[in-house]
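Enquirer: One-letter residues, chain by chain:
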Amino acid sequence: MNDYFELFGLPRKLNLSVDDLQQRYYRLSRELHPDRFMNKPQAEQQRALEMSSALNDARRALQEPIKRAQYLLELEGFDMGEQRSKDVPPELLEEVFELNMALEEMRSGDDSARPQLEQAEKNFAGMMNDIDGQLQTLFAQYDAAPGQEVLGKIRGVLNRRKYIQNLLGEVHAELAPAN
Amino acid sequence: MEIDFGVPVHIVGIDLGTTNSLVAFMDLTGPRIIPGADGDKLVPSVVSVQRSGDVVVGNPARELLLTQPARTVYSAKRLMGRGLADVQEELKLFPFHIAPGSESVIQLKLGERTFTPPEISAFVLRQLKQNAEGYFGAEVPKAVITVPAYFNDAQRQATKDAGRIAGLEVLRLVNEPTAASLAYGLDKRKNGIVAVYDLGGGTFDISILKLQDGIFEVLATNGDTHLGGDDIDNLLLKIALEDVASEWGADLSRDNEGVQRLRRAVIHAKERLSFVPQTSIELDYRGKTYQRELNRELFDKLITPIVDRTLGPCRDCIKDAGVKIDQIDEVVMVGGSTRIPLVLTAVENLFRVVPHTELNPDEVVALGAAVQAGILSGAVEDKLLLDVTPLSLGIETMGGVVSKLIHRNSTIPASATETFTTGVDGQRNVLIHVVQGERELVKDCRSLARFDLKDIDPLPAGMARIDVRFLIDANGILNVTARDERTGKEHSVDVKPSYGLTDEQVETMIRDSIEKADQDFNERQVREARVEADTILAAVEKARRHDAYFELSDDERAAIDRSMNELLLVYHSDQLGLIRQKIEQLNQATLKLAENMMNTAVRGALKGSKI
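Quick mapping for you: the protein sequence lines, in order, are chains P and U.
For the first sequence, the numbering used here assigns the number 32 to the initial residue and increments by one for each residue that follows.
For the second sequence, the numbering used here assigns the number -6 to the initial residue and increments by one for each residue that follows.
Careful, some of the hints might be misleading.
[What the hints assert, rightly or not] No farther apart than 27 Å at their CA atoms in a straight line, the calculated lysine-lysine pairs in the BS3-like style are these:
no. : chain 1 : residue 1 : chain 2 : residue 2
1   : U       : Lys135    : P       : Lys71
2   : U       : Lys397    : P       : Lys98
3   : U       : Lys312    : P       : Lys98
4   : P       : Lys153    : U       : Lys436
5   : P       : Lys193    : U       : Lys312
6   : P       : Lys98     : U       : Lys376
To be clear, the hints were calculated from the coordinates, so they are not data collected in a lab.
The structure presented is a predicted model; accordingly, all values stated were derived computationally and were not measured.
All chains should be modelled from the sequences, with the hints used to inform the complete structure.
Expert: Below you can see the structure in the form of structure tokens.
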């Protein structure tokens, strides 16, 4: 097995049927699970353990579209390890600055920033929707004509997505206790 | 040792419970519980060590809890895989006698000797093994043992150690709720989503499974390894002790026997209240009596906080499983505490379905373990269990922060690989601290073990690259391997478990006990052979006065005499094979005699019929 797509007998595509994946997963589990190898020699048991853990890891990597894209990027040689969300995407600079101010105020006990935070939450949630729409389009593009260029674009969008997701998390955490 | 290739090796399923334990096996019709010599299916998980060194397990030990509390222990499962600091609450509520030197592994004092919790559990397992061996008339070397789904790595490892100490090859640890779902055979009915609510003596588990064509896939699990019927008993006991103190003007809480008798009285009342609306807690002790009426209304009010503690994990589990409550088709009730009407109502209200209670909640886990044993032996081919790890696995990084490698509710086996390097020039060792839990900081998680990567080639800082693979196997137990990325060489990993026994300690305990177990088994076989010898010797002795004996030739009579003498010669030896051989020889020598007697009897009968 070279990669998780191959393990499932699937082409390297970003859109795939989750139901089909599930059925393939069950079929392969019946074949590879350590339970099936209890009466076999030690070496075969060890191999079953390796294969079935790879199968479970593979399913986790491919089940959800975002994780699937991350996995495929890694497979195609993109370094996903240090994809931290420290660098603010330039188009969000102003908004993030104001948001941080509002978060500070909330943290220091000033509840007057609440409406602003709630508005920010809405804005960012809207952005997430847009991003997921963009990803849909890019995924389809890649599946039709795979190439490094479109993967580079996907990577950029995924970074932005991660960044906004973290922001949303912070806003949620600040707003939630009062709810 | 002789191996009979004609007989398949029996693999049993064992429910090693906090309060009771059971052993079951798969026969042609389905899973069946094997009763003990006393006919009881439940073996109380109580162990008593006598002054003579004899170990008493089960019902007789439960009686000794009253008369010899300092030599007897119950609910030891609560201590499995735990450190002294973890069990301070336990120590307030249970009469555990902790011996000095319990820092890394708890040592329990029973009379003159000390034992670790896995050794105590091993006594219970050995009893179950013996019960099964008595039932099959053959050695039972392999078992599937169940554990609470929410058990962490150390608790699982401790259970596996207990099996090994008892002389059992533990083929698999299965989560209790998952086992129960196998026993219910719900897959026969339809595909769907099933919740298993398991409230036992000391632990609570909730698991949500997806069933599809014989595949039992656990979607999520949650629980509390310190919540169960024991907590209800302790609550009632506290109230009763206060009553007694005010009525008798005597503090019974320091009187071990008195406490145990009162504990039994409250348990009795609790159990009765599942069937009648009103009962009383009654104690006759040293000429004094105590009686307190208890109705279900008050009982429900008292235990509501305990029952409520199970509902949070249920909601979290539903959320983690990614299902809505109304998607859950069936709910299965497991564990003795689910007999309590309030528990049933609470579960029904939460899930909005009538829970399954058709199978005995005390037996269903053991039955499921037997089904899993059948899956492993190949006898059951259509079912497959896909379980998950209940807790996230991570490693300590800079600043005491946890970096999660395998998330909770990941299907097992599961693995993750992390690359480590050195921080200073020429560094030869890297220490990896593995933790389990959901919190961000190491101090809030459970320390599992420290792994020391040794003998790294001395290189400038950051140049070494060691790939460390963390693999959680199908038992939910962590395995760590390390490989040098540069040389491809496998690295030695020195494991220091944070809580629990080292491999060497387990090996020593196994050596001590296997000798004893083998000896026990052999002794039992020899005793059985002697009983058989007694029977045949008596029969032959009697036959020698029979007419048929005198119809034999001199040679034939001599052969019988010789065989009898030879059997008598080996009778008192411990040579099982020899005794069996001589029994067989005597059997052969008396074949003709038996035939003659048969003919005489037939002739007699024919004569008789003519009169």
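Enquirer: Hint by hint, note whether the structure agrees.
Expert: To see whether the hints hold, each was checked on the structure:
Note on U/Lys135 and P/Lys71: the hinted pairing holds, with a Cα-Cα distance of about 15 Å set against a maximum of 27 Å. For the proposed pair U/Lys397 and P/Lys98, the alpha carbon gap of about 16 Å is at most 27 Å, so the pair holds. Taking the CA atoms of U/Lys312 and P/Lys98, the gap is about 20 Å. The hint holds against a cut of 27 Å. Restraint check for P/Lys153 and U/Lys436: not satisfied, since their Cα atoms lie roughly 36 Å apart, outside the 27 Å limit.
Taken as a hint, the P/Lys193 and U/Lys312 pair is honoured in the structure, with Cα atoms around 23 Å apart against an allowance of 27 Å. Taking the CA atoms of P/Lys98 and U/Lys376, the gap is near 30 Å; set against the 27 Å cutoff, the hint is violated.
Violated hints, listed in ascending order, are 4 and 6; each of the other numbered hints is respected by the structure.
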